[in-house]
Amino acid sequence: MRKNSAILILIFLLPILLAVPCAASENITKINDLIEQSIALDNTEVTVQGELIGEALERGDYTWININDTTNAIGIWVKKSDIDQIQFYGDYKHKGDLVKIAGVFHKACSEHGGDVDIHCTDIKIIETGHNIHEQISTYKVVLTVSLILIAAFIVIIYLKVKKKSDLKPC
Amino acid sequence: MQKTKSEIVGLVFELVAVCVFITVLYLITLFL
Amino acid sequence: MTNSKSSFSSSKIICYYTGCIVIGIALLMLIPLVTSFLLREWNPVLDFLISIAITTAVGLTLIIIGIKTRENKVYVQWKHGFVVAALSWIILMVLCSIPYRLSGHNNSLLDSCFDVMSGFTTTGLILTQDLDHISIGLNMWRHLLTFVGGQGMVVLALSFLVKEISGAYKLYVGEAKDIGLVPNVKGTARIIWKISLVYLVVGTLALWIDGMLIGLNPVSAFFHGLFMFESSWSTGGFAPNSQNIMYYHSFSYEIITLIFFILGSLNFGLHYAIWQGKKKEIIKNIETQSFMITAFLSSAFAVIALSKIYPNSISTFRRVVYNVLSAHTTTGFGNIYARQFALEWGDFGTLIMVIVMLIGGSACSTAGGFKGLRVGIVFKSILSDVKKLLSSERNVKVFKYHHIKDYVLEDGVVRSSALIIICYIITFTIGTALGTYYGYSFADSAFESASVTGNVGLSIGITSPSMPSVMKVYYIISMYLGRLEFLSVFAMVGYFLGGIKRLCVKIRQS
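The listed protein sequences derive, respectively, from chains A, B and C.
Here the first sequence stands for residues 1 to 170, where the numbers follow our numbering.
Here the second sequence stands for residues 1001 to 1032, where the numbers follow our numbering.
Here the third sequence stands for residues 2001 to 2510, where the numbers follow our numbering.
To be clear, the hints were calculated from the coordinates, so they are not data collected in a lab.
In this text, a Cβ means the ideal position worked out from N, Cα and C, and glycines have one as well.
Keep in mind that a hint or two might mislead.
[Unchecked claim] What follows is a list of derived Cβ distance ranges for each label pair:
hint, chain 1, residue 1, chain 2, residue 2, range
1, A, Gln135, C, Gly2498, 28 to 36 Å
2, B, Leu1027, C, Arg2040, 48 to 56 Å
3, C, Asn2107, A, Val155, 32 to 40 Å
4, A, Asp42, C, Leu2109, 53 to 61 Å
5, B, Leu1027, C, Ser2441, 29 to 37 Å
6, C, Val2408, A, Val155, 46 to 54 Å
7, C, Leu2109, A, Ser146, 17 to 25 Å
Sequences are here, hints too, so could you generate the full structure?
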């Protein structure tokens, strides 16, 4: 009897126990959607996820970082101390860290002269970035060399023709 | 030398003139 | 017999000068090549080597075909000048798109050509993807193209390459630069370059220092400074970031670019006059008068309409006035997202932008649009016509305007100004119609079409790789027509049509 009621209680509790971690995973908004619904989402808590690009722009205790989630890019105003964990910023030779940012979205931030930004309340690194190693295809190298040879050949023809025309009387 | 001097003066003059223009626009924004 | 002979030598003249200009651009490609080499970006190094090889081959071949031009004292006519200017831009568009296409950041050759034409014409619309990861070499190329395009490719060639002076003036006018600063064209071209290069040093330095102050590291501050200056001065609007100028989140950076893009939109003749000590020119000149009036009015109306959507006056200044001036000078730096123009500014804001984008900057500058000179002339002619009606018939009034020198407001000048304005309006209207045909809203189509016709570069969201190809092609044509101010393109088309007609006649006769 006691065993049965214990099982029953567990069955009732289970969904509640499962629901709690589910509620913790927020809805990630795409940056483009933030802009499309900027009026509706202004001054609300949002979560975005994207690759860090460029570099961190320090402004005293706070820093600007920019993230790009392939739909668009946006600036994040974050405390300097919160970004110490960041290892890579994206550019030609690097893939930036993938971060998840929770914060308040502004479509025209009064603190920042009307900028579109997110004031970060929480930042998590989802995936560390890495160096990008260039792949040079042999085909490209062969193409380069052949084209240079063709161009050199035409230069020689040009010099010959120019010499001939220089010798002609006006 | 005289020519270079007038060019530098001209350059500075242009920069100042544009700054004045921008300031006037800013003041207009402030008052509207 | 003489007809076909003269047309034969015409094509030789055109080939020769076009070839010279192409070689000039091949030499220019050395700059991004060296940049990538020093920064150890190997794929771009190969991309630029390939491009240089192809461009040199094409340029030298054209020169070889027209080599007889060097020997004979050939008489270069106006039509040659126009055709060379127009033709070289098309050939260069394809050649300069090679590094873009090889980089993998463009989906097609058409997209690459679009970006090149956008650079040459200092428009600033882009189809390049993933800007945040492109090589510094390619960024160097993009911004260099817009800097050189602003000056003019023909002007570049004339300053340094072309030795024969006789044809030079006609080539120069073909590229829609008709201001004579000194009696000879090579001298004028050199002065234009000198002014631009002095500002290049001053501007890059200013942005470099400010860049470091706002948090960029010294090396990237230098490149950003260089690129953003080239883009500002040429009123291009390219930036090395996908967020354009929003990347910097800096009022000071915006102000510095504002200063340089306003200066860049002014007539080179004006700069030259002021540098020679004629400071009053800045007030007397009809173009600066026209610009000041239209800039004040448009900013005022825009601020009145839009200040309610921004929290304070600094925000309104940064987000409204900056963008209106960016549009008016046909620069194209945007510090709000493209879609925000449509979603937040509404129709009145969009209308103001369309009007200022079409009015544009000054003649013989890097700016686009109708040009302040034409707007000023047409406006003054309306005033003078009204005055003539109202005054007694015995009074003969002469109306004048001041543009470096004093000119009489003659009917011929008014007519040609009005005709070119009409050409711009027709081009703009076709672009708008095309946008609406493909399903975009009227306001959006008008905005984008004005941006393209006026070589501005602000986008309301239409320009994207998924845009219909027909629109991409039309926008390329529109940017090209707008920048070269129609005449040289019409001359080139006429020349080729004439050539085809002669060919058909020849075939029928044989």
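For which of the previously enumerated hints does the structure constitute a violation, in increasing order of number? 1 and 4
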